[in-house]
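Could you slot chain A onto chain W? The hints should help.
Number of protein chains: 2
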Amino acid sequence: MFSDRLGAAAQAIQAQFKHTLGQLDDVPVVRAMRHATHGGKRLRGFLVIESARLHGISSAQSIWAATAVEALHAYSLVHDDLPCMDDDDLRRGKPTVHRKWDEATAVLAGDALQTLAFELVTRSEASPEPAVRAELALRLARASGAEGMVLGQALDIAAETAEAPLSLDDITRLQHGKTGALIEWSATAGAVLAQADAAPLLRYARALGLAFQIADDVLDVTGDSATVGKAVGKDASAGKATFVSLLGLEAARRRAADLVSEACDSLEGYGAEAETLKEAARFVVTRAH
Amino acid sequence: MFSDRLGAAAQAIQAQFKHTLGQLDDVPVVRAMRHATHGGKRLRGFLVIESARLHGISSAQSIWAATAVEALHAYSLVHDDLPCMDDDDLRRGKPTVHRKWDEATAVLAGDALQTLAFELVTRSEASPEPAVRAELALRLARASGAEGMVLGQALDIAAETAEAPLSLDDITRLQHGKTGALIEWSATAGAVLAQADAAPLLRYARALGLAFQIADDVLDVTGDSATVGKAVGKDASAGKATFVSLLGLEAARRRAADLVSEACDSLEGYGAEAETLKEAARFVVTRAH
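From first to last, the protein sequence lines stand for chains W and A. Under the numbering used here, think of the first position of the first sequence as 1, with each following residue one higher. Under the numbering used here, think of the first position of the second sequence as 1, with each following residue one higher.
For reference, chain W alone in the conformation it holds in the complex (with noise of 0.2 Å):
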C-alpha cells in the first residue's frame, strides 16, 4: 500500500514537473531545472500528498503544494552540491548540475527552482482559498530561509572548522533545518490546506524528520554508494561529527526505531487512513537509499 502510494505520488510528481517546465522556454537553465527535479524517492511530496488526503483534500489539489516542495529540495540538493559546498558529482546515480552543465548554471537553476516553490504553491490551483495560498507560502519561507534549512547548512558548514566536535544538541538543531523543517512543512500542509490542527502531524512530522536523519547518517556508514545514488562514507572521513559517531552505530538504530514508534502513536486519531503514513515512518528507517 505504502510503496504503491508512494510510486503513484512521484509519478504524479513528474508529471506536474513535466508540465510545468515544459511552459518555460528551453534554455539550458530550464534544461537543468528538469535535469535536477528527475527522480528521487519524492518522500516529501508523498508527505504532502498523504496527509493531505487525511483530511480529505485530492491530490489533484494537493500536487501542487506537493511539487512545490520537491522543486524547493532539488534547489537545495543543486546548491548543496556546487563546488564551493559539498562538491558533488553524483546526485540520484546521475551527474550533478554543475558537472553536466557548469557552476553559473547550478547557480542560477537552484534559485528559479527555489522561485518555482512559491510559485507553485500560491497559484490559484493549489487551493481556492487565499488565505491558505498566503499560508502555505509563509511556512514554506520560515522552513527554507535563514531559520530554516539555510540556517542548517550554513551551521553544517561552520562545523567543518569549528575547533570542538560538534554535541548531540547541535547536531540536532542542526538537522532539524537541513531536513526536519521541510518534512515538517510537508507532513502538516494537509492540515494547512484543510484549515484543519495540524498539531498531530506536527509531532509525527518532528519524530519523522529526525528519524530521517539518522537513518541518513546509518546509511553514510553502512550503504554502498551504487544503491544510496551518492557518494557515502564521507562524513565519516571527513571526521565529522554524526548521530552515529556520538551515540555508536546500535544505539543510533534504536534512536531512529523510538522515533519512528512515537511518529506512529502521534496518529492514532485519525485511525486506520493513517496507515499508510505510518508505514513510511517506518520505511524511512529501514530504507537503503
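Don't read these hints as lab results, they were simulated from the structure. Careful: at least some of the hints might be erroneous.
Distance condition first, Cα-Cα at most 30 Å in a straight line; then the derived DSSO-like pairs of lysine-lysine [claimed, not checked]:
id, chain 1, residue 1, chain 2, residue 2
1, W, Lys-240, A, Lys-278
2, W, Lys-18, W, Lys-41
3, A, Lys-94, A, Lys-240
4, W, Lys-100, A, Lys-240
5, W, Lys-94, W, Lys-240
6, A, Lys-18, A, Lys-41
Going by beta-carbon spacing under 8 Å, a handful of chain A positions derived as facing chain W [stated by the list, open to error]:
id, residue
7, Asp-25
8, Pro-28
9, Gln-114
10, Phe-118
11, Ala-131
12, Arg-142
13, Ser-144
14, Gln-153
15, Ser-167
16, Leu-168
It should be emphasised that the depicted structure is a prediction, and the values quoted were computed from it without experimental measurement. Glycine is no exception: its CB is placed at the ideal position from the N, C-alpha and C atoms.
Only chain A this time, still in chain W's reference frame:
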C-alpha cells in the same frame, strides 16, 4: 520632494531590514545578509511605497512589500557577483559577499534573501487581505524566476558565447527579465495592495524599466567606478551588445528621454499626487550612479 521621499523610503527599508535580520541567529550567513542589504538607492522599494501612497495605502503597510523586493534584488546581486557569474569584487562601493566572506556564504546568503522576500510579502503585516498576500507572492515569483529575472540572467550568460551579436529585440527581452520584471512588480505593488486596476502603473513601469536599463548602459560608458559604485566599462571591453552599442550614445539617450515622457503620460489619471513618481522617472535617466 522626490529626493526627500527616496531618502525616507531608503531609511524605512533599512530600519525594516535591521529589525527583521536582527531577529535571526548571529551566524556568518546572516551577517552576510545584512551586508548585502545595506545601501543602494532602494529605487524598487521606493516604487512600492509611492505606488501604494497613490492608492491610499500607508508606508507602515507597504514597507513589508518594499523591503521584500529589496531583499529579492539584493539576492540577485549577491549571486550575479559570484566568480562563476559576473565575478565582481565591488558592489555599492564595498567588497562583494564572496570577497568579504566566501563563495559558500554568498550562495547561502543569496538563497536566504530570496526566501526572506517571500516571507515578507506573505506575513500578515504585508496586507490584512490574504488574497493580496498570495497575489503579491505569485507575482513576485513570476517576476523573478525562469520566466523573469533568472531567464534574463541566463540569456545574458548565453549571449557571452553566442556567435552572432544580440539584436535590439534580444537585448530588450534580456533586459526586461534582468531588471524590468522586478521594476514592474514594484511599481504595480501599490495597485495590488489596494486591489485596484494596475494597468496605468504597469504602463509606467514598462517605460521606466526600459529607460532604467538604457541609462545603465549609458553609465557603463560615461561613468567612473568611484561614482557608480561598481566596475564600469566592462560591457564595452567584453564586446557585449548593449543599447549604446546598438543605438549609439546619443540615440540611446534620446530613447531613454522618450520613455520617461511615456512613463509620465501613463500617470495622468492620478493627478498631482503622481508627481513624485514622475520625478523618479526623470531621475532614472539623469542619475550619475
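Hints and how they fare:
With a C-alpha separation of about 58 Å, the suggested pair Lys-240/W and Lys-278/A falls outside the 30 Å cut-off, and the hint is violated. Note on Lys-18/W and Lys-41/W: the hinted pairing holds, with a Cα-Cα distance of about 17 Å set against a maximum of 30 Å. With a CA separation close to 25 Å, the supplied pair Lys-94/A and Lys-240/A stays within the 30 Å bound. In summary, the hint linking Lys-100/W to Lys-240/A is supported, as the alpha carbons are separated by about 26 Å, within the 30 Å threshold.
For the proposed pair Lys-94/W and Lys-240/W, the alpha carbon gap of about 25 Å is at most 30 Å, so the pair holds. With a CA separation close to 17 Å, the supplied pair Lys-18/A and Lys-41/A stays within the 30 Å bound. Interface hint at Asp-25/A: satisfied, since its Cβ lies 6 Å from the closest Cβ of chain W, which is below the 8 Å cut-off. With its C-beta approaching chain W no nearer than about 7 Å, Pro-28/A sits inside the 8 Å limit, and its interface hint holds.
With 8 Å as the threshold, the beta carbon of Gln-114/A comes within range of chain W, its nearest partner Cβ sitting at about 6 Å, so the hint holds. A hinted interface residue such as Phe-118/A counts as satisfied when its beta carbon comes closer than 8 Å to some beta carbon of chain W; here the least separation is about 5 Å, so the hint holds. A cut of 8 Å between beta carbons decides the hint on Ala-131/A: the least distance to chain W is about 4 Å, and the hint holds. The criterion of a C-beta within 8 Å of any C-beta in chain W is met by Arg-142/A, whose closest approach is roughly 6 Å, and the hint holds.
The closest approach between the C-beta of Ser-144/A and any C-beta of chain W is roughly 5 Å, which is under the 8 Å cut-off, so the hint is satisfied. Given the 8 Å rule on beta carbons, the hint for Gln-153/A holds: about 6 Å separates it from the nearest Cβ of chain W. Hint status for Ser-167/A relative to chain W: violated, with the closest Cβ pair at about 17 Å, above 8 Å. The closest approach between the C-beta of Leu-168/A and any C-beta of chain W is roughly 19 Å, which is over the 8 Å cut-off, so the hint fails.
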